[in-house]
Amino acid sequence: MEVLSIFLILLTALLIPGITGMTKAKIAGRKMPSVFQPIKDIIRLFKKGAIYSTSTSFIYKVAPLVYLSSVSVSILFLSVGSKISLISFHGDFLLFAYLLAIGKFFMIISAMDTGSSFEGMGANREALYSMLVEPAFFIIIASLALFTDYTSLNELFSNMHISSNFSYVIGIAASYVLLNTAMTENSRMPVDDPKTHLELTMIHEVMILDNSGFDLAIIHISSWLKFSIYGTLISKFIIVTTLPFYIQAVYFIIIQMILAIVIGFLESFRARNKMEKNPQWIIMLSAIAIVAFLSTLIISQKIILN
Amino acid sequence: MEVTIFNIFILLAFVIFIVPKKSQYYFSAFIHLGLIGISGFWAINCFYNYSEVSSLPFITFFSNPLNLTIDVLSAFFILVINCTVLTGFIYAKGYLKSYSTNKSKTEFAFHHFNFIWLHISMLLVVMIRDGLAFLFVWELMSLSSFFLVIFENEKQEVIKIGLKYLMQMHIGLVFIIVAFICVYIQTNGDIGFDGLSLYFATNKPFLVFILFFIGFGIKAGFIPLHTWLPHAHPAAPSHVSGVMSGVMIKIGLYGILRVLTYIHQDLFSIGMFILVISLISGILGVTFAIVQHDVKKLLAYHSIENIGIIGIGIGLGVIGIAANIPVLAVLGFAGGILHILNHSLFKSLLFYTSGSIYLQLHTRNIEQMGGMIKKMPKTAIFFLIGSLAICGLPLFNGFISEFLIYSGIFKSLLPGNLFIDITLLFSLSGLAIIGGLAIFCFTKVFSIIFLGTPRSDSATKSTEVKGSMLISFFMIGIIIIFIGILPAFIIYPLSSVVGIFTKDSSILYQSAYNLNNISLVSGIFIGLICTLGLLRNRQQKGKIIKQGPIWGCGYTGINPAKSQYTATSYADNFLLLVDRLVNVKKRFIVFKSEEIFPRKRTFHTDSSDIFEDYLVSLPSKKILYWMEKAAVFQTGQIQHYLLYALVFLIVIFFLSILNWI
Amino acid sequence: MIDIFIILYSMTLIYFALAERVSKYVILLFIQGVLLFCVLFFSLYKIEIFDFIFILLETILVKAIILPWFMNKVRRQNQLKRENDTYIPVFYSIIIVVICLLVSFFLSSKLQDTQIHSKYFTVAFASVIFGIYFIIIHRNIFSHVVGYLIIENGIFLISLALGSKMPMMVNLAVLLDVLMGVLVLGIFVNRIGNTFESVEIGHLTQLKD
Chain A
1 MEVLSIFLIL
11 LTALLIPGIT
21 GMTKAKIAGR
31 KMPSVFQPIK
41 DIIRLFKKGA
51 IYSTSTSFIY
61 KVAPLVYLSS
71 VSVSILFLSV
81 GSKISLISFH
91 GDFLLFAYLL
101 AIGKFFMIIS
111 AMDTGSSFEG
121 MGANREALYS
131 MLVEPAFFII
141 IASLALFTDY
151 TSLNELFSNM
161 HISSNFSYVI
171 GIAASYVLLN
181 TAMTENSRMP
191 VDDPKTHLEL
201 TMIHEVMILD
211 NSGFDLAIIH
221 ISSWLKFSIY
231 GTLISKFIIV
241 TTLPFYIQAV
251 YFIIIQMILA
261 IVIGFLESFR
271 ARNKMEKNPQ
281 WIIMLSAIAI
291 VAFLSTLIIS
301 QKIILN
Chain B
1001 MEVTIFNIFI
1011 LLAFVIFIVP
1021 KKSQYYFSAF
1031 IHLGLIGISG
1041 FWAINCFYNY
1051 SEVSSLPFIT
1061 FFSNPLNLTI
1071 DVLSAFFILV
1081 INCTVLTGFI
1091 YAKGYLKSYS
1101 TNKSKTEFAF
1111 HHFNFIWLHI
1121 SMLLVVMIRD
1131 GLAFLFVWEL
1141 MSLSSFFLVI
1151 FENEKQEVIK
1161 IGLKYLMQMH
1171 IGLVFIIVAF
1181 ICVYIQTNGD
1191 IGFDGLSLYF
1201 ATNKPFLVFI
1211 LFFIGFGIKA
1221 GFIPLHTWLP
1231 HAHPAAPSHV
1241 SGVMSGVMIK
1251 IGLYGILRVL
1261 TYIHQDLFSI
1271 GMFILVISLI
1281 SGILGVTFAI
1291 VQHDVKKLLA
1301 YHSIENIGII
1311 GIGIGLGVIG
1321 IAANIPVLAV
1331 LGFAGGILHI
1341 LNHSLFKSLL
1351 FYTSGSIYLQ
1361 LHTRNIEQMG
1371 GMIKKMPKTA
1381 IFFLIGSLAI
1391 CGLPLFNGFI
1401 SEFLIYSGIF
1411 KSLLPGNLFI
1421 DITLLFSLSG
1431 LAIIGGLAIF
1441 CFTKVFSIIF
1451 LGTPRSDSAT
1461 KSTEVKGSML
1471 ISFFMIGIII
1481 IFIGILPAFI
1491 IYPLSSVVGI
1501 FTKDSSILYQ
1511 SAYNLNNISL
1521 VSGIFIGLIC
1531 TLGLLRNRQQ
1541 KGKIIKQGPI
1551 WGCGYTGINP
1561 AKSQYTATSY
1571 ADNFLLLVDR
1581 LVNVKKRFIV
1591 FKSEEIFPRK
1601 RTFHTDSSDI
1611 FEDYLVSLPS
1621 KKILYWMEKA
1631 AVFQTGQIQH
1641 YLLYALVFLI
1651 VIFFLSILNW
1661 I
Chain C
2001 MIDIFIILYS
2011 MTLIYFALAE
2021 RVSKYVILLF
2031 IQGVLLFCVL
2041 FFSLYKIEIF
2051 DFIFILLETI
2061 LVKAIILPWF
2071 MNKVRRQNQL
2081 KRENDTYIPV
2091 FYSIIIVVIC
2101 LLVSFFLSSK
2111 LQDTQIHSKY
2121 FTVAFASVIF
2131 GIYFIIIHRN
2141 IFSHVVGYLI
2151 IENGIFLISL
2161 ALGSKMPMMV
2171 NLAVLLDVLM
2181 GVLVLGIFVN
2191 RIGNTFESVE
2201 IGHLTQLKD
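From first to last, the protein sequence lines stand for chains A, B and C. FYI, the numbering for the first sequence is 1 to 306, going by the numbering used here. FYI, the numbering for the second sequence is 1001 to 1661, going by the numbering used here. FYI, the numbering for the third sequence is 2001 to 2209, going by the numbering used here.
What the hints contain is simulated information worked out from the structure, not anything from laboratory work. On a predicted model such as this, the values are computed, not experimentally measured, just so you know. Among the hints, erroneous ones may be present.
[Unchecked claim] Straight-line distance between alpha carbons at most 25 Å, and here's what the computed SDA-like set of lysine to any residue pairs gives:
| hint | chain 1 | residue 1 | chain 2 | residue 2 |
| --- | --- | --- | --- | --- |
| 1 | A | Lys-274 | C | Leu-2018 |
| 2 | C | Lys-2024 | A | Ala-271 |
| 3 | B | Lys-1546 | A | Glu-276 |
| 4 | A | Lys-47 | B | Leu-1528 |
| 5 | B | Lys-1543 | A | Phe-46 |
| 6 | A | Lys-277 | C | Ile-2096 |
| 7 | B | Lys-1586 | A | Lys-226 |
| 8 | A | Lys-277 | B | Ile-1524 |
| 9 | A | Lys-277 | C | Arg-2139 |
| 10 | B | Lys-1103 | B | Phe-1146 |
| 11 | A | Lys-226 | B | Leu-1532 |
| 12 | C | Lys-2081 | A | Trp-281 |
| 13 | A | Lys-277 | B | Leu-1532 |
| 14 | A | Lys-61 | B | Ile-1544 |
| 15 | A | Lys-274 | B | Gly-1527 |
| 16 | A | Lys-274 | C | Ile-2137 |
| 17 | A | Lys-277 | C | Asn-2084 |
| 18 | A | Lys-47 | B | Leu-1575 |
| 19 | B | Lys-1503 | B | Asp-1613 |
| 20 | A | Lys-61 | B | Val-1327 |
| 21 | B | Lys-1097 | B | His-1170 |
[Said to hold, decoys possible] The following label-pair restraints were derived from C-beta to C-beta distances:
| hint | chain 1 | residue 1 | chain 2 | residue 2 | range |
| --- | --- | --- | --- | --- | --- |
| 22 | A | Asn-159 | B | Thr-1363 | 55 to 63 Å |
| 23 | B | Ala-1512 | A | Asn-159 | 46 to 54 Å |
| 24 | A | Lys-277 | C | Ile-2027 | 12 to 20 Å |
| 25 | B | Ser-1506 | A | Tyr-168 | 36 to 44 Å |
| 26 | B | Glu-1595 | C | Arg-2082 | 57 to 65 Å |
| 27 | A | Ile-247 | B | Arg-1538 | 37 to 45 Å |
| 28 | C | Thr-2114 | A | Asn-159 | 30 to 38 Å |
| 29 | A | Thr-196 | C | Arg-2082 | 56 to 64 Å |
| 30 | A | Ile-304 | C | Lys-2073 | 58 to 66 Å |
| 31 | C | Lys-2073 | B | Lys-1621 | 53 to 61 Å |
| 32 | A | Asn-159 | C | Trp-2069 | 41 to 49 Å |
| 33 | C | Ser-2023 | B | Ile-1544 | 51 to 59 Å |
| 34 | B | Phe-1603 | A | Ile-51 | 51 to 59 Å |
| 35 | C | Arg-2082 | B | Ser-1458 | 45 to 53 Å |
Note that beta-carbon positions come from the ideal geometry of N, C-alpha and C, so glycine has one too.
Given the sequences, and given the hints that come with them, work out the whole structure.
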């Protein structure tokens, strides 16, 4: 039965980009594309050959494989609702976070491998912003670990009783931080604008400028999977674990859809930050995570207030 | 009996001066192997009989017997030393070959002699407890490494750097001597580590610990005592840098750990002190590393960062003991001590690979390199393995030690009180930031050196390295991947070392289950990569695969080497955040508006270390200034000196008349 | 219940460190006023009903409506758009505000005095320290007034912390003080803006003889 949660995560991963695209088109007053449009794009890419640059080496060919593998293996750590994930041990969120990091490492060096100045620009911005956003995730997990005294992703979420009013604050703060972390890591607003066509202003889009065919398809799939992963994490804060599983599954799908629509809204109505202002915006996420940690300290009576 | 064999090998080192040039290397290799064999035998013996401390009579010096005491901590360090020196001298075979034309036979003999004596003195330092002998062997270690550093002594700066290094080592020695003497005065015991246990039982250990920490910390390279590291490591030849950075700075950590084994009170403040200095060292070390152009200077700053990570583990362990949280104590120490082994492995690998690049290009400036992966693919792969390991990414050994430290932090959040929780929060964010910055730095280094197109002529003409150097890379690579994928095998030796500090290290066995899961996930990861590769091959079978130039935005007239990203530009957006600290100066002449056809311009950046500016250069300039003023008295004429003597006599005469002295 | 509003208040402090547009400062002041009103609503139910309603009204009117409206008017008249360079980059200000919050929470946990309600003290202390820091790093007189108002919010919370026997008197006194100060400063900012066309501290110090 645990495989069912993996199946749900993969299913929503295929639908999120379509729904985001539909939302953005509707808000902009354009005709909505079909939900399956991104999937059709991927199938089209799978039918194509590839062009490799003369300045690249074997790193360029290996990197997309490492990226997709790292994101896929990270999915094994997650589960939907109250199900147990396939792999669970103490400290597994560390392996989860660092697997995503090794995927990013390889994407950055594959971008630098082409020797093009555009990709170099994207690579160093991506490296800096992903470096700044790392503490936020760890501090959120630290607040949960303080709350529940467990250290594996399953047990953390399943023991997090939304008991007092305070836990709502932690839940909302954590969802906000995770949502914005997802936007940062997938290079969406306000860090990066995916529909800009100026290479000087791109971060993620410019790193994959030269990939083609199979490689480009699996890079797209990886970024959808990453959205789905963060959506799963956010849903674990929201779904109450006492309901039967089929209701939890329905909740899960609804939450992912809402997440996709929210991403569409955020993308349509926000402007991108100036490049120099990005680091301070990202470190603000860690600051909010620290405030959530403080509230956990208050709940667990470490800070004694009368 | 083994001790006599050990002594024979030590004396054989002197014979190397009369061996002919061709067989010098093999003779020194034989001596190294002998030393490794004997000390390794002692170390493994000690690991099998867990808590037995074996005491071997070494030499008798003026009827005072000198014993070698080996406990589990010494055994661990012996293994670390042997591992790195082994790969070091295997690498040195190919590396020294390029110097064989312009160095004489005695210079080579002296170099091998010093390398052997560095090995011997490092082994003896971890085995000797008696104070005077310890100081003597410590001094031998500094001297032999000094001579190794100034191997390329035809360059003037190398000798200057070597002398600065020697001076700083001696300052450290002074602090250690003062600390030992403090202990000796209070307890009237022997000068040595055994007297420490008596002293710390009765007095407050914090001040003496600070003295020891400064003395050993200069060797280890904690900030702000680190200013010799970034100069000495680039100046030395690569096999020496690898051994120095891999092991010799760990000997400083050995000293701190040895002093810690005797301290049982006042542990909380000591732990906080170590933790704060290590956090600062970690973050600042990697910040300075990001702005360097010289690849070995960059690696030297990364050594400072990793010493910081080890210090974070040790500091958290001490705090765990003080606050009575066993999880934190055991896992903190385990992570810190494992990182000692891990760092020696991947740092030496990185130094050796960068040494091979230096041999081909004769420059250490990464702005002159580029595209080396096509010319030196095997070196590139091993550099990549080293970079992935140093960033703490899974599949490699750096992840395991960071995993242990993180587990300790997360598990002890609930048991700790408020102050400890806030400390854990800071160390957690500090470790996360250090990891992220390390990824930033090593993507930069690897990409600029190996990827892209070559930036200078010498880069286009290089070739791959030959056999024996590849053997040392391979050996280290295998161990790195082994510890990364199958970490459960090192739990048992590690727990006995941790058991010296914490009484009960059985918690470490429980984490073996987690580590097995890491192995499982690593296996799935590698399997998935291979599967995807096979799928891609199948998909691309019937399709057209072409090669073409990269997208240049439609502009075809560019020189691809000149339009690439450079190291300075890669580091630039991080530089905007840490401007004051790193003091990067950009020197260029601005284009004037009336210059219609601009002439050629150069752009030069260099950075300076803020600690070096304010702690070393500024005081030495002030001291030199006043010394020059005082040089007025040194006129060179005998009559003036006789005048000084006469004045002194008259003053003494009057002072003794007035009964003031 | 009060803890939630305290946490939200600390988040507004973080946003103060992050924001650079002057209109955002005004919005944040409004949010802080509303939060203080909610804190007051849930805490002071012990005193007489007349005083209670009076304090509530005064808080919501002055803190949440009158002062932000006035600041907004000043902003529009002087066409202040953005706060340019601060003396310390925003990146480090965020780190400093987090350290302030941590120290403040830690200190209030150590205060074991029965007379002090340390629940309010936590973010009050941080607010005062951060307000002073805010004035130090910004160059604009308008931002100085904003910092002064942050300090005033912090003092309000401290007065809540130090017992609720006679809050009305304390509050009236402080509020009158602040109102006068802000009105005077606001009028001055307008006049200075009209006469000199700049409200930057660096330029204004040239007025000294």
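Going through the hints against the structure:
1. A:Lys-274 - C:Leu-2018: 14 Å, holds
2. C:Lys-2024 - A:Ala-271: 16 Å, holds
3. B:Lys-1546 - A:Glu-276: Roughly 39 Å between the alpha carbons, so the hint for B:Lys-1546 and A:Glu-276 is violated.
4. A:Lys-47 - B:Leu-1528: Judged against 25 Å, a Cα distance of about 22 Å means the pair holds.
5. B:Lys-1543 - A:Phe-46: 10 Å, holds
6. A:Lys-277 - C:Ile-2096: Judged against 25 Å, a Cα distance of about 17 Å means the pair holds.
7. B:Lys-1586 - A:Lys-226: Distance of about 40 Å is beyond 25 Å: violated.
8. A:Lys-277 - B:Ile-1524: Status violated; Cα separation ~40 Å.
9. A:Lys-277 - C:Arg-2139: 19 Å, holds
10. B:Lys-1103 - B:Phe-1146: 18 Å, holds
11. A:Lys-226 - B:Leu-1532: With a Cα-Cα distance of about 18 Å, the restraint between A:Lys-226 and B:Leu-1532 holds, given a limit of 25 Å.
12. C:Lys-2081 - A:Trp-281: Cα-Cα ~19 Å, so holds.
13. A:Lys-277 - B:Leu-1532: Roughly 38 Å between the alpha carbons, so the hint for A:Lys-277 and B:Leu-1532 is violated.
14. A:Lys-61 - B:Ile-1544: Since the Cα atoms of A:Lys-61 and B:Ile-1544 sit roughly 16 Å apart, the hinted pair holds (cutoff 25 Å).
15. A:Lys-274 - B:Gly-1527: Not satisfied, since the Cα-Cα distance of roughly 42 Å exceeds 25 Å.
16. A:Lys-274 - C:Ile-2137: The given pair, whose Cα atoms are some 22 Å apart, holds under the 25 Å limit.
17. A:Lys-277 - C:Asn-2084: 13 Å, holds
18. A:Lys-47 - B:Leu-1575: 44 Å, violated
19. B:Lys-1503 - B:Asp-1613: Roughly 44 Å between the alpha carbons, so the hint for B:Lys-1503 and B:Asp-1613 is violated.
20. A:Lys-61 - B:Val-1327: 43 Å, violated
21. B:Lys-1097 - B:His-1170: 33 Å, violated
22. A:Asn-159 - B:Thr-1363: 55 to 63 Å: 57 Å, holds
23. B:Ala-1512 - A:Asn-159: 46 to 54 Å: 24 Å Cβ-Cβ, so the 46 to 54 Å window is violated.
24. A:Lys-277 - C:Ile-2027: 12 to 20 Å: 18 Å, holds
25. B:Ser-1506 - A:Tyr-168: 36 to 44 Å: With a Cβ separation near 40 Å, B:Ser-1506 and A:Tyr-168 satisfy 36 to 44 Å, so the hint holds.
26. B:Glu-1595 - C:Arg-2082: 57 to 65 Å: 34 Å, violated
27. A:Ile-247 - B:Arg-1538: 37 to 45 Å: This hint holds: roughly 41 Å between Cβ atoms.
28. C:Thr-2114 - A:Asn-159: 30 to 38 Å: Since the Cβ atoms of C:Thr-2114 and A:Asn-159 sit about 34 Å apart, the hinted range of 30 to 38 Å holds.
29. A:Thr-196 - C:Arg-2082: 56 to 64 Å: Between A:Thr-196 and C:Arg-2082, where Cβ atoms are some 23 Å apart, the hint is violated.
30. A:Ile-304 - C:Lys-2073: 58 to 66 Å: The hinted range 58 to 66 Å is violated for A:Ile-304 and C:Lys-2073, with Cβ atoms some 44 Å apart.
31. C:Lys-2073 - B:Lys-1621: 53 to 61 Å: At 57 Å between Cβs, range holds.
32. A:Asn-159 - C:Trp-2069: 41 to 49 Å: 47 Å, holds
33. C:Ser-2023 - B:Ile-1544: 51 to 59 Å: 56 Å, holds
34. B:Phe-1603 - A:Ile-51: 51 to 59 Å: For A:Ile-51 against B:Phe-1603, whose Cβ atoms are near 34 Å apart, the range 51 to 59 Å is violated.
35. C:Arg-2082 - B:Ser-1458: 45 to 53 Å: 49 Å, holds
Of the numbered hints given earlier, the model fails hints 3, 7, 8, 13, 15, 18, 19, 20, 21, 23, 26, 29, 30, 34; all others are met.
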